[in-house]
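Participant: The listed protein sequences derive, respectively, from chains A and B. Here the first sequence stands for residues 44 to 189, where the numbers follow the numbering used here. Here the second sequence stands for residues 44 to 189, where the numbers follow the numbering used here.
Calculated directly from the structure, the hints in this document are not laboratory data. Possibly wrong hints are sitting among the right ones.
Because identical chains cannot be distinguished in the list, a pair is counted as satisfied if it fits within a single copy or across any two copies.
Straight-line alpha carbon distances no greater than 25 Å define the calculated SDA-like cross-link-like pairs of lysine to any residue that follow [what the hints assert, rightly or not]:
| id | residue 1 | residue 2 |
| --- | --- | --- |
| 1 | K145 | H56 |
| 2 | K120 | V62 |
| 3 | K90 | F71 |
| 4 | K120 | D136 |
| 5 | K169 | D136 |
| 6 | K169 | T113 |
| 7 | K169 | D59 |
| 8 | K116 | E72 |
| 9 | K116 | F71 |
| 10 | K90 | A133 |
| 11 | K116 | Y151 |
| 12 | K169 | L58 |
| 13 | K169 | G144 |
| 14 | K116 | D96 |
| 15 | K116 | A140 |
| 16 | K145 | S95 |
Given next are the chains, with one letter for each unit.
There are 2 protein chains.
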Amino acid sequence: MLTRIDHIGIACHDLDTTVEFYRATYGFEVFHTEVNEEQGVREAMLKINDTSDGGASYLQLLEPTREDSTVAKWLAKNGEGVHHIAFGTADVDADAADVRGKGVRVLYDEPRRGSMGSRITFLHPKDCHGVLTELVTSAAVESPEH
Amino acid sequence: MLTRIDHIGIACHDLDTTVEFYRATYGFEVFHTEVNEEQGVREAMLKINDTSDGGASYLQLLEPTREDSTVAKWLAKNGEGVHHIAFGTADVDADAADVRGKGVRVLYDEPRRGSMGSRITFLHPKDCHGVLTELVTSAAVESPEH
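Modelling step: build the complete structure from the supplied sequences, incorporating the hints.
Facilitator: As structure tokens, this is what we get:
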């Protein structure tokens, strides 16, 4: 079951400049940074609020690290902006199987590593009214079946 | 001060179909619907979680009601997808003045009426790294100065 807006993924050309925009404009601070080689992104997580399911909601700022990454291709086509949205769940495996069973294309056979040790998968935007949608189970949440 | 992700605004061609997608796929239920004639949209709010500032985070599904509305024009250009993101604050007037003072273009001289009796304004996406950004004070939160 999806229990929170986990994050909004925002693609940018320059992570440091964009982090500074969010800090200077709104006072949002960096909670975590990492490079995800598999996804081809350098990212910063800005924590905005805690959520009623024991998790939190973040902005995830994404800068591509290589030109063949999906985010680099997306930026070349669309320019900077909202790249995806992510819903949090205690059990990404179960929810991915559930939505796959309903005919929504799930982009990974098995969840992959996301921010801060989370496990993530993506749903095809064409099956989700144009919204690239991520499902995420954070590392802090133990999923009983896995 | 911005204290939560208030909502993600998603533009769609057909509100009923999109509401049904979110219900059938994820179990998200409609919390509120309304028509905002000024904005030229029919909308549904799907509540996803409560937030640590006493508010909540929603998906806001938006269908244009007339062809000259900003959402209709946006849909014609971009197709369905994430139209804007909104941060919640107890005092939209103060935060709008603050970001205006930092050189970000605020689209309204005074906040206007948003979903569920809230007061909202928008920031120019070109000043926000491509993200159309809304600031919102919900009707339930009393702002001491206004």
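Participant: Now tell me if each hint is right for this structure.
Facilitator: Status of each hint after checking the structure:
1. K145 - H56: between (36 Å within a copy, 22 Å between copies)
2. K120 - V62: This pair counts as within: shortest intra-copy Cα distance 22 Å, inter-copy 28 Å.
3. K90 - F71: both (7 Å within a copy, 24 Å between copies)
4. K120 - D136: Neither, since 31 Å and 35 Å both go past 25 Å.
5. K169 - D136: within (21 Å within a copy, 38 Å between copies)
6. K169 - T113: This pair counts as both: shortest intra-copy Cα distance 16 Å, inter-copy 23 Å.
7. K169 - D59: For K169 and D59, the Cα distance is within 25 Å only across copies (17 Å; inside one copy 31 Å).
8. K116 - E72: Cα proximity of K116 and E72: none, with 28 Å in one copy and 34 Å across.
9. K116 - F71: neither (27 Å within a copy, 31 Å between copies)
10. K90 - A133: Answer is both: 19 Å inside a copy and 18 Å across each meet the 25 Å cutoff.
11. K116 - Y151: Within. Shortest intra-copy distance 19 Å satisfies the 25 Å Cα cut-off; inter-copy 34 Å does not.
12. K169 - L58: between (28 Å within a copy, 16 Å between copies)
13. K169 - G144: within (16 Å within a copy, 40 Å between copies)
14. K116 - D96: Neither. Shortest intra-copy (34 Å) and inter-copy (37 Å) distances fail the 25 Å Cα cut-off.
15. K116 - A140: neither (28 Å within a copy, 36 Å between copies)
16. K145 - S95: neither (27 Å within a copy, 33 Å between copies)
Hint compliance for this structure: hints 4, 8, 9, 14, 15 and 16 are not met, and every other hint is.
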